[in-house]
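Enquirer: Chain by chain, the residues run as shown.
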Amino acid sequence: MPKITFIEHDNTVHTVDAELNSTVMETALRNGIASIVAECGGGCSCATCLVHVDEAWSPIVGQPSAEEDEMLDGAFEVKPTSRLACQIKVTEALDGLIVRTPSYQGR
Amino acid sequence: MSETIKTDVLIIGAGPVGLFAVFELGLLDIKAHLVDILDKAGGQCAELYPEKPIYDIPGIPYITGHGLTDALMQQIKPFNPTLHLGEMVTTLEKLGDAHFRVGTTGDKIFETKCVVIAAGGGSFQPKRPPIAGIEPYEQKSVFYAVRKIDAFRDKRLLIVGGGDSALDWTLNLQPVAKRLTLLHRRDEFRGAPDSVNKMRALVAEGKMDLKIGQVSALEGADGALSAVTVKGNDGSAARVELDAMLPFFGLTMKLGPVADWGLKLEDELIPVDTAAFETSVPGLFAIGDINTYPGKLKLILSGFHEAALMAQKAYHYVYPEKRLVFQYTTSSTSLQKKLGVA
Chain A
1 MPKITFIEHD NTVHTVDAEL NSTVMETALR NGIASIVAEC GGGCSCATCL
51 VHVDEAWSPI VGQPSAEEDE MLDGAFEVKP TSRLACQIKV TEALDGLIVR
101 TPSYQGR
Chain B
1 MSETIKTDVL IIGAGPVGLF AVFELGLLDI KAHLVDILDK AGGQCAELYP
51 EKPIYDIPGI PYITGHGLTD ALMQQIKPFN PTLHLGEMVT TLEKLGDAHF
101 RVGTTGDKIF ETKCVVIAAG GGSFQPKRPP IAGIEPYEQK SVFYAVRKID
151 AFRDKRLLIV GGGDSALDWT LNLQPVAKRL TLLHRRDEFR GAPDSVNKMR
201 ALVAEGKMDL KIGQVSALEG ADGALSAVTV KGNDGSAARV ELDAMLPFFG
251 LTMKLGPVAD WGLKLEDELI PVDTAAFETS VPGLFAIGDI NTYPGKLKLI
301 LSGFHEAALM AQKAYHYVYP EKRLVFQYTT SSTSLQKKLG VA
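Chains as they are written, first to last, in the working numbering: chain A, 1 to 107; chain B, 1 to 342.
Think of the hints as simulated: they come from the structure by calculation, not from any bench.
Note that the Cβ used here is the ideal one computed from N, Cα and C, for glycine as well.
All clues given are correct.
Taking lysine-lysine pairs in the DSSO-like style, the calculated list, with each CA pair at most 30 Å apart, reads:
1) B:K108 with B:K140
2) A:K89 with B:K52
3) B:K298 with A:K89
4) B:K313 with B:K31
5) B:K6 with B:K254
6) B:K322 with B:K31
7) B:K211 with A:K79
8) A:K89 with B:K254
9) A:K79 with B:K231
10) B:K254 with B:K52
11) B:K296 with B:K94
12) A:K79 with B:K198
13) B:K322 with B:K337
14) A:K79 with B:K52
15) B:K296 with A:K89
16) B:K264 with B:K108
17) B:K254 with A:K79
18) A:K3 with B:K298
Cβ-to-Cβ under 7 Å is the rule here; a few derived chain A residues that face chain B:
19) C40
20) G43
21) S45
22) C46
23) E70
24) D73
25) V78
26) Y104
27) G106
28) R107
Here are some chain A residues pointing at chain B (derived, C-beta under 10 Å):
29) V37
30) E39
31) C44
32) A47
33) T48
34) M71
35) L72
36) G74
37) F76
38) E77
39) S103
40) Q105
Put together the whole structure using the sequences plus the hints.
Expert: Below you can see the structure in the form of structure tokens.
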């Protein structure tokens, strides 16, 4: 099972197991990562599951779709490696992924 | 002068569950009014995912948020509910048995026998940007909505965002502003193409400015902004002088005034019994995503079930002297008359 590391804004580190074909957002919720709000439940509709993908991992995770990029307009402190966690599918290639979560998801 | 409206039931929230509550109450001859902070019915279905698919409405293999809202509006039409949109319920007092007084931001007072809180994740309110020290400027020189265009006449304005709200207000305020700058994090806009074209034309004619980047710091005193620092995507920083800033980052759900009504909340949810989805206050119900009980699932279908059971109990408050006879819409002529099909 791939492992994902979430580093929260206060530097709390959570390394957790991620189910294949689930999303990074679902993995965060299952593991009680409070800085992922996921207001819309994973529909790419609210921009409250923002993560900053570690720069080394960013090329592997890839860039947001046009729809996701539109939703990022409603997020804050968006960086070139920022993604919505609900739009990142967990695959074997993401074993060891590191993402940072923001201090604020708009609420 | 407040307007007073008398009704049997006041429903707070016009999302799918609040709308279906009108149906279940209507079958029992209970008249309902609905209040919602959004300017349209549908709640999250309308605001968050109007075009997104929903696959778990019983008997409907596939429907969009918008489609479900339209279908529910059609279903409750026979009961002529009154929708009070663009208003938020702020106050709720219990005056006696089956007697509540409820006030809204629209300066309306409802005198009602029961209240049904169907407020989902709370009320939709503008997202506030996490810029350090923004609070003292809010409602003084930082605004999340435009009430009077004239308030911005001859001012230097900064509008932030890339959606329809940001573009619409850019086009509406540009003629009155002394100078208007639109700031967005990227050079692509998700608003209506026509608005984008009009905005680009104004920029080309030198009538307004467009900047790409994000606000990183504020300058000003006593609630009056004087300038902001804009950080470009290349790391550059620019200073923009202004009199007012209008950020449009969309809406988020906040629990809001529900927290002030004396209910004991659990994790911002309202505990209810599972016989009637009533709170600790008799006659005050909570249905849909906003309630909690052992085994609760935040599904629209659970909210529909809760609405049906709530209505049975509400009947006893509205018609204390009458006995309720359970009937099916398939076979009952009296129910079919109410639905206008018999």
